[in-house]
Amino acid sequence: MSVDIKTTARSQVTFRAIAAHAILITYTLIALFPVFVIVINSFKSRKAIFREPLSVPTPETFSLKGYETVLKQGDFVLYFQNSLVVTVASLTMVLLFGAMAAFALSEYRFRGNLLTGLYLAIGIMIPIRLGTVAILEMMVASGLVNTLTALILVYTAQGLPLAIFILTEFMQGISDDLKNAGRIDGLSEYTIFGVLVLPLIRPALATVAVFTMIPIWNDLWFPLILAPAEETKTITLGAQVFIGQFVTDWNAVLASLSLAIIPVLVLYLIFSRQLIKGITAGAVK
Amino acid sequence: MGSLSLKNIRKSFGNVEVIKGIDLDVKEGELVIFVGPSGCGKSTLLRIIAGLETETSGTIEIDGNTVNGQSPSMRGISMVFQTYALYPHLTVRDNMSLGLKQAKRPKDLIKKRVDFASAMLSLDDYLERRPAELSGGQRQRVAIGRAIVRQPKLFLFDEPLSNLDAALRVNTRLEIASLHRQLSATMVYVTHDQTEAMTLADRIVVLNNGVIEQVGTPMELYNKPKNKFVAGFIGSPQMNFIPASCLEMSDAETVGIRPENITFDGAKADLTGKVSHIEQLGGDTNIYADCGEAGLICIRLFGQHEAEVDSTISLHFDRDKMFKFDKDGNTIN
Ligand SMILES: Nc1ncnc2c1ncn2[C@@H]1O[C@H](COP(=O)(O)OP(=O)(O)O)[C@@H](O)[C@H]1O
Ligand SMILES: [Mg+2]
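Protein sequences appear in the order of chains V and E.
For the first sequence, UniProt numbering gives the first residue as 1, with consecutive numbering after it.
For the second sequence, UniProt numbering gives the first residue as 1, with consecutive numbering after it.
Please note: incorrect hints may appear among the correct ones.
[Said to hold, decoys possible] Taking lysine-lysine and the DSS-like style, the derived pairs with C-alpha atoms no more than 25 Å apart in a straight line are:
(1) E:K101 x V:K179
(2) E:K274 x E:K327
(3) E:K20 x E:K327
(4) E:K153 x V:K179
(5) E:K321 x E:K268
(6) E:K104 x E:K226
(7) E:K104 x E:K153
(8) V:K179 x E:K104
(9) E:K153 x E:K27
Everything labelled a hint here was simulated from the structure, so no lab data went into it.
This one's a predicted model, so the numbers in the text were calculated from it and none came from an experiment.
Whenever a hint applies, use it, and build me the whole structure from the sequences.
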């Protein structure tokens, strides 16, 4: 009798595991499908792309024409570099200032603490694009149009609210005793923040980094409006040159999109490793 | 080594007053324990002494100097926390030496002090390990070592044993007691556990709701509690409180009698009751008897005894050891 109960319980567990994996695998397939299509088609000749968009490249249809076009257009390396500079710089600023604000909000009791927190969090609900006209006017007035600085500033502002919100929650969970021990040993507030607190919220930082990074890398709106000049174009904007009103060079578009995936993928891998490390470290302790 | 003096310390969080005027003098070399129920403000008071929390009003003197407004690291104190609070990224040695490094003390002095502390706490084999590689008891010893290395005027302990299991708790308690003897250091120690307080303290400060109920040596508090709260808090099992009317005594509101001062005696019975539960501890036996109006009464007998649940027993109270309390809970002498 008891054996029966055990086996049913176990088969239930197995069933649940299978169901969960089935759902996750389906989701992964759906999510990866467009990426997969882009990548395989970037290696095919133009005709093959349209004839059989879902088939993998064969010796007959294989072509690197798209990549040749993209790389021959010498500016592409520059676009890449612009995108990387903007993303990494914005990300650094968002994480640094976000963490500092979160530390102040969670650690210090001061008049208006709650109000400041709310004010900073409201940004999550209001899309920054609503302020595009005002932002453009400000950038014109300060002479920052067509500079990467303009993009970095806007993206920092865009990323901060969510970063502060998430990081404040995490920081409130860190033991007061540890910070107090540091104070008794004579550590400055900056050291306590940088050396004691930051390493403990690494998983949260990685999460925020991933959520901040992707929209910045993919953004077309602000590069188009604030920095459309040749020398400040980002990769997403740069890829648009192949999409014409009358003819579109699909090989080149697909190749540039495929290439654009690589840097985010690398950044993502770095952060997700941190994320997993943080989670397991917490579990072992 | 230093003395500590608190003058009319008050602390409010928003509109809630948590510490309501504390006056206290701790002599040099004394081990004073703050004891009281959870949430009565013990930790807050300790953090105020450390400078981690700002007092709303009042004066704090360490070694005769007013330290109000001074940062924690300037007050010449060390603190041991309930959660150990070791720096996770540093080795045991670096954990212990960080405070002195921050104060820019010479390297050989730091090494000498760390070695002294680690020998005292048998931590020699663990000096190069990280906190994550230590057991709870070892972590707490490192935290105590970190406190010793600073050679403070005043040691502060905030429930240092609460996260340890029972056996380790006794060991570490003995270690702290021997530490106090060897260093003859001034210590302020916070706990909610009256056994810890009774076994360790030179003097106990009983706190309740942000005020001091009574200050005294463990035996003073046990023998002459000032009020019902102290009488109930000190001693285990807890003192029995019986409405005076049940005993036909008119000069008090409540009568208190410790479990160890009750005997069975049919001839001189003060109360009769029905046994409802019995706890055999080997060394002694606790019997709980339901005495109707008088409530549940605990009797503590030395040695091993048997009693049938639901059997009727007659209780005799040792008149000399009875406490009488008035309507406000104060002891009547
Ligand atoms: N930072 C704080 N803000 C608001 N209330 C607090 C804060 N710290 C402690 N308190 C309140 O002060 C009271 C005393 O707390 P504490 O000193 O930690 O008690 P104990 O250590 O005796 O258990 C509690 O009621 C607690 O809720
Ligand atoms: Mg406490």
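Status of each hint after checking the structure:
no.: 1; hint: E:K101 x V:K179; result: holds, 17 Å
no.: 2; hint: E:K274 x E:K327; result: violated, 29 Å
no.: 3; hint: E:K20 x E:K327; result: holds, 23 Å
no.: 4; hint: E:K153 x V:K179; result: holds, 21 Å
no.: 5; hint: E:K321 x E:K268; result: holds, 16 Å
no.: 6; hint: E:K104 x E:K226; result: violated, 49 Å
no.: 7; hint: E:K104 x E:K153; result: holds, 19 Å
no.: 8; hint: V:K179 x E:K104; result: holds, 20 Å
no.: 9; hint: E:K153 x E:K27; result: holds, 12 Å
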